[in-house]
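> Sequence:
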Amino acid sequence: MTWRDRAVRGIYRAGWTTLGAVPPGLLRGPIAVGAAAVARTHGPHLTTLRHNLSLASGRPADDRLVAAALRSYLRTLTEVLALPRWRPDAIVSRVHVAEAPRLRRRQAESGAIVVLPHSGNWDLAGAWACLSGFPVTTVVEVLDPDAYADFLAFRRGLGMEPIGHTEPDVMRRLADALHRGRTVCLIGDRDLTRSGVTVDWLGHPVRMPAGPALLARRTGAALIPGVCQFVDSTRMIIDLGPEIRPADGSDGLQSMVQQTADHFAAAIARQPQDWPMLQRFFARPEIAR
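With full-length UniProt numbering applied, the sequence shown corresponds to residues 1 to 289, in that order.
Please keep in mind that the hints were generated in silico from the structure rather than gathered at the bench. Mixed in with the good hints, there may be bad ones.
[Unchecked claim] Here are the computed distance ranges between Cβ atoms for each label pair: (1) D89 with D248: 41 to 49 Å; (2) V33 with P60: 18 to 26 Å; (3) T198 with A266: 12 to 20 Å; (4) D232 with A36: 16 to 24 Å; (5) G203 with P84: 37 to 45 Å.
We put the beta carbon where it would ideally sit given N, CA and C, even for glycine.
Construct the complete structure from the given sequences, taking the supplied hints into account.
Quick look at the structure:
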């Protein structure tokens, strides 16, 4: 384990035990000041973030947009650390999903797979879903064993059923979850398996995971893309897009993933600051030295 991994694990462990007791309003000022200062730097991660925001928004990402994305990132982090202490009614009141009746109907009819990008607070979305009649089964990226165990415990505490992405029979277990009436919620803008599908994102080629589309074809469950975005200092929406119909063959698979990308790209272009992608997504930018 690297020093960075140990530091991140320490931050999460300390945060889950202490930060949840800090009123969110007390954190907004320091977060804003810190984000504005960091936005003016040019380290590798900030260069990557600026590149991603520029292509996602269709305009050069200035320091204001980068600072807004960093504020969104830090808001998500502090909310994740506080989530275990929030009351169920507080969680439910923070999230609005206009298309929840459609999602409920499709879950009852065929099962539902909701695929999300790294926008807004997807852990808050999962907690809301579990409290609103959509028990979530999800896939967790396996990092070092201790951090993985911490995140398993965190998500289980919110009502989710997490499965490690390197565990055996992941697709079979997700299909079983759908048959048990659970909602499968998957992150769809990072290709952890390196076997994804190349699609177009506002004129730029990107590689996105094929797993959600493959699972929908295998099970007949509804495939619904969504994007989480903050509305104000306390509320978040989940913007659910049109259901993506199954299509056969490699061309059909590519079409299904493309439709997912189209919904992601359109929503994120409207509010790019809530997609603080610090990792490579588009072609690698030149790193400032």
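> It remains to establish, for every hint, whether it holds in the given structure.
Hints, verified against the model:
For D89 paired with D248, a C-beta distance near 45 Å keeps the hint of 41 to 49 Å intact. Distance hint check: the CB atoms of V33 and P60 are about 24 Å apart, consistent with the given range 18 to 26 Å. A hinted range of 12 to 20 Å for the beta carbons of T198 and A266 is consistent with their spacing of about 19 Å. The beta-carbon spacing between D232 and A36, approximately 20 Å, falls within the hinted interval of 16 to 24 Å.
Remark: the range hint 37 to 45 Å for G203 to P84 is upheld by a beta-carbon distance near 41 Å.
The earlier numbered hints are all upheld by this structure, with none contradicted.
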